[in-house]
Amino acid sequence: MMEHIRTPKVENVRLIDRTAPRKAMVGTLYLSATHTIFVENNPETRRETWVLHSMVASVERPPTTPSGSHLVVHTKNFQVVQLLIPQERDAMDVQASLARLSRPEKYSELYCLSINPNANKEEREESWSFLDLQADYRRMGVPNNLWVSTPANSEYRVCDTYPSELFVPKSATPPVIVGSSKFRSRGRLPVLTYFHQDTLAAICRCSQPLSGFSARSQEDEQMLEAIMKSNPGSDYIYVVDTRPKLNAMANRAAGKGYENEDHYANIKLQFIGIENIHVMRNSQQKIIDVGELKTPSMGDFLWGLESSGWLKHIKAVLDAGVFIAKAVAEEGISVVVHCSDGWDRTAQACSVASVLLEPYYRTMKGLMLLIERDWVSFGHKFSHRYNHLEGDPKEVSPVIDQFLECVWQLSEQFPCAFEFNERFLVQLHRHVYSCQYGNFLGNSQKERRDMGLRERTHSLWPQLWKDRAQYANPLYRADHTQTQGMLRPNTTPYCFKMWKGMYNRVEKSSPPRQTPTDLLTAVREETQQLEEELTNHQEVAPGGTAQPGTKQEDCSPDKSGSN
Amino acid sequence: MEFAELIKTPRVDGVVLRRPFLPTVEGTLCLTGHHLILSSRQDNTEELWLLHANIDAIEKRFVGSLGTIIVKCKDLRVIQLDIPGMEECLNIASSIEVLSTLDSVSLMYPLFYRPMFQVIEDGWKSFLPEDAFKDLESMTEEWRLSDVNKDYSVCSSYPPLVAVPKDVDDDTLRKAAAFRHGGRFPVLSYYHKKNGMVMMRSGQPLTGTNGRRCKEDEKLINATLRAGKRGYIIDTRTVSVAQQAKARGGGFESEANYPQWRRIHKAIERSSILQESLIKLVEACNDQSHSMDRWLSKLEASNWQTHVKEILTTACLAAQCIDREGASVLVHGTEGTDSTLQVTSLAQIILDPACRTIQGFQALVEREWLQAGHPFQQRCSQSAYSNSKPRCEAPVFLLFLDCVWQILRQFPCSFQFSQHFLVLLFEHTYASQFGTFMGNSASERSKLNLSQKTVSLWSWVNRPQEVERLSNPLYEANCLVIWPSVAPQSLLLWEGVFLRWKRSSRCLDEAYDEMVHIIQYNKELQNKVNNLRRQLAQLETEEPLLQTP
Chain W
1 MMEHIRTPKV ENVRLIDRTA PRKAMVGTLY LSATHTIFVE NNPETRRETW VLHSMVASVE
61 RPPTTPSGSH LVVHTKNFQV VQLLIPQERD AMDVQASLAR LSRPEKYSEL YCLSINPNAN
121 KEEREESWSF LDLQADYRRM GVPNNLWVST PANSEYRVCD TYPSELFVPK SATPPVIVGS
181 SKFRSRGRLP VLTYFHQDTL AAICRCSQPL SGFSARSQED EQMLEAIMKS NPGSDYIYVV
241 DTRPKLNAMA NRAAGKGYEN EDHYANIKLQ FIGIENIHVM RNSQQKIIDV GELKTPSMGD
301 FLWGLESSGW LKHIKAVLDA GVFIAKAVAE EGISVVVHCS DGWDRTAQAC SVASVLLEPY
361 YRTMKGLMLL IERDWVSFGH KFSHRYNHLE GDPKEVSPVI DQFLECVWQL SEQFPCAFEF
421 NERFLVQLHR HVYSCQYGNF LGNSQKERRD MGLRERTHSL WPQLWKDRAQ YANPLYRADH
481 TQTQGMLRPN TTPYCFKMWK GMYNRVEKSS PPRQTPTDLL TAVREETQQL EEELTNHQEV
541 APGGTAQPGT KQEDCSPDKS GSN
Chain P
1 MEFAELIKTP RVDGVVLRRP FLPTVEGTLC LTGHHLILSS RQDNTEELWL LHANIDAIEK
61 RFVGSLGTII VKCKDLRVIQ LDIPGMEECL NIASSIEVLS TLDSVSLMYP LFYRPMFQVI
121 EDGWKSFLPE DAFKDLESMT EEWRLSDVNK DYSVCSSYPP LVAVPKDVDD DTLRKAAAFR
181 HGGRFPVLSY YHKKNGMVMM RSGQPLTGTN GRRCKEDEKL INATLRAGKR GYIIDTRTVS
241 VAQQAKARGG GFESEANYPQ WRRIHKAIER SSILQESLIK LVEACNDQSH SMDRWLSKLE
301 ASNWQTHVKE ILTTACLAAQ CIDREGASVL VHGTEGTDST LQVTSLAQII LDPACRTIQG
361 FQALVEREWL QAGHPFQQRC SQSAYSNSKP RCEAPVFLLF LDCVWQILRQ FPCSFQFSQH
421 FLVLLFEHTY ASQFGTFMGN SASERSKLNL SQKTVSLWSW VNRPQEVERL SNPLYEANCL
481 VIWPSVAPQS LLLWEGVFLR WKRSSRCLDE AYDEMVHIIQ YNKELQNKVN NLRRQLAQLE
541 TEEPLLQTP
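Protein chains in written order, with full-length UniProt numbering: chain W, 1 to 563; chain P, 1 to 549.
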């Protein structure tokens, strides 16, 4: 990458504070192979600002002013860094370098692949065994006498965007599996993603059927029938098409579409109306713009929020999850979810439903597993959607951003339900884009295997786990009522807020903004130290003298009283 | 007039009550002079006691002989009563309508209420101006307490005692009063201990179209300036509104006559616009069928959040002039009883940590709203549902509370009280068993002899169990000036008031309890560890003695 750096160092650069433009730090700008680094001149503070090249979304250069050239760097996690460079030529060089550095053309240029894979070989190998997807299926009770593992997709024979190991109804024969796969867009046949042990209902996912106006497939019909039969006691299933009905109908002209209720016995078709990736991309750009407004009036802001449509889309995704979760937990009915290809809206709807249904997915490890399952293993196209390589801009869309935001909106409604805090979600979001770890590279399991990512990169998960103290929600308690059972969120429009922690992070405050999370975390840390001190005193104190401390039980965290 | 005359049907059996978040109850409905009571007679906890004064509007509906009354309360709650029998229903409805709109002050509930709790400290005596002035005297000698208004003759909306510059005599005050709207001559609102700067408030100057001036007024406010220093006049109205006021005899301070002052105009809206805004906001919040687009556009159209932003912005400006520019400030709008008080009280919350305690906040409400002559009775006689034509109603104080909530939310550790306290004040300004918010001024309250005839809200609030309920577990006293963000993204809809009856707060309450628990447990441990440390230290000092032969 070094050959793309035209100017490795520029002096007397100003880093402008966008909230207080008159306050700027003067320092030196460095371009390294991986980062843009600004180091403040002030010898006392020497503050450093690092921006990873892969996080750079765009670099603008407004017209040169007498004091120099401005560079405005927008990052993929919605931060803005504004620099003032004295010489126009330097500014142009930096801009050109960054333009190239931030848009790698091949995977090997990415950060995680530019480090020597054998430097920490053991650690690297260990990092990939941190999560075990099969263990999570076993935790759900799968396989069992209703759902079994099929070798049909070994070597990705029936579907190259699916994981090699799939769970299907026990009664689905190999011809049914293959036949169903042939009748589904890109071979993405209906398979299990979540099994609800209490009701025996399941969430299955797939892509749209190739039904056109009249085509049908006996095997596909048998597949859905088999899914219904895998839920003893139920006599129908829901087929949730997460697209707006109009879009689904339009697909019929292209030989695709949705299930004909006359052909499939015992299905109830439900359209949800989540918009497509292009609508979402435009909508997010608008909400980013709202977050960057300099001094908006209340009217500007609310109008911007409304016309971005962003919260409307977040609500649609959450509503889809709520529909599925209720069907599974309250009605005990299995659900087959699809959209067009079954890797964007389907991933959103299924994973939101899992978060609502299963307390485990509201823990740090649980959410990691859920992303690993519903997103990574089932072929969500990370590299296309998050623009890891210079590619088709029409493929880019904030699909997982919306999932993470749904989780955030839920955590606002259920402050005790999640083991992690907002920072965890923000960090996950960052790493989806950063390419510092190999987890999200490529567009499918097969691609990642072919690239040999496990041999060449590290996994993100153990790193997040190591830092879990800073991602912990102090209000979370495994035995709290909010951590039991299903979440039933209110999805009335007024329950949704703009996610300031994501789209409006620049703001500074005096004195620094106090957050209850930080304060409570500090209190809990101190409590822990006090507990240790108490135990120590009791051990050290000789029996007989005075009464050093009361019995331990008196101060144990028995919380029955406060519930 | 006897209440009995107004109550044609005092009692109906078999009435079904539906209210937010609680199970439907069937029971007996009773009307008394001041309350609507519904009791199931099985379980006391299911009783409803609703003050007629809390009823903002009612609607009647009939299906056959079953009548339904929808009762819309000033605290924004909506409840439904299904009453068997058309005549009973009509009678109940007409009684409620009359009883909830009685104009006569002498029939108001606080005059009939007898406290069921022991008054430890009489709230009527908790915040006397003399006591507040003692604090001021300990900081500066430049001010005196004047009793020029002792019989309310100089200014009917001012208290008998006001703080004014020491060098200005009562005669000057009288003349300045004649030059100010409602006789509201500039008085001290706040003294900033850190740099000795002050904030004053008044009514608009009566310059009129021909630019009348008043030497005494000029002398009065110039007396608050340090030598060579300039001050700021914050006019809460836009320039054009202030210009128009001239035609009606009002106006603003011209540069020519007040050369030592810089005038800044802001744009805080006035009463009827605010009331309209409240009605629209509550309407938007109550319709749950809205799509996201419609909700956001209705929220925007209500303009409520715009008012919050404007008021906070102006308060920040006043605070900035004082704390950062080191200048004194005079705040006024037209009357000086509404937007002026929003600004002066919020600026104090920003500047003065004392105002962020439970007692201090009461003192602030007492000083800057009650004593300062905010016409509570006029402003709060109708709320968001009333169908009758608004007269002087306006949610001026509610907007102030909303702004305080915004600051509290941004600085959750800097306030001794939680939002419960703000919600409680909102409720009691509209309907209350206490006399605190009755009347429109100190003079009215004194004529009604309320301090003798009614119980003060502060008597209730300052009992230990209530103080505990209103306390903020996250509070850590600090002496900082806190600068709230007024960016629209930072200002949220106050759910605790506007969605209170629409959206269950169970999960948020649970989180709050959890927070309290974490902090209490920590304090318990701290005590235990401190005890142990002390005992250990004691043992260590005793030990050598024991060892001495």
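It should be emphasised that the hints constitute simulated quantities derived from the structure, not laboratory data.
Positions of the beta carbon are idealized from the N, C-alpha and C atoms, including for glycine.
Be careful, since some hints might not be right.
[Unchecked claim] Heads up, simulated BS3-like pairs for lysine-lysine below, C-alpha to C-alpha not over 30 angstroms straight-line:
id, chain 1, residue 1, chain 2, residue 2
1, W, Lys256, W, Lys245
2, P, Lys280, W, Lys23
3, P, Lys193, W, Lys286
4, P, Lys229, P, Lys193
5, W, Lys121, W, Lys9
6, W, Lys312, P, Lys193
[As the list claims (entries may be wrong)] Selected chain W positions facing chain P (Cβ under 8 angstroms, derived; list incomplete):
id, residue
7, Ile115
8, Asn116
9, Asn120
10, Arg124
11, Lys170
12, Thr199
13, Leu410
Hint-by-hint comparison with the structure:
no. : hint                  : in the structure
1   : W:Lys256 <-> W:Lys245 : 13 angstroms, holds
2   : P:Lys280 <-> W:Lys23  : 41 angstroms, violated
3   : P:Lys193 <-> W:Lys286 : 46 angstroms, violated
4   : P:Lys229 <-> P:Lys193 : 17 angstroms, holds
5   : W:Lys121 <-> W:Lys9   : 34 angstroms, violated
6   : W:Lys312 <-> P:Lys193 : 49 angstroms, violated
7   : Ile115                : 38 angstroms, violated
8   : Asn116                : 44 angstroms, violated
9   : Asn120                : 38 angstroms, violated
10  : Arg124                : 39 angstroms, violated
11  : Lys170                : 39 angstroms, violated
12  : Thr199                : 24 angstroms, violated
13  : Leu410                : 10 angstroms, violated
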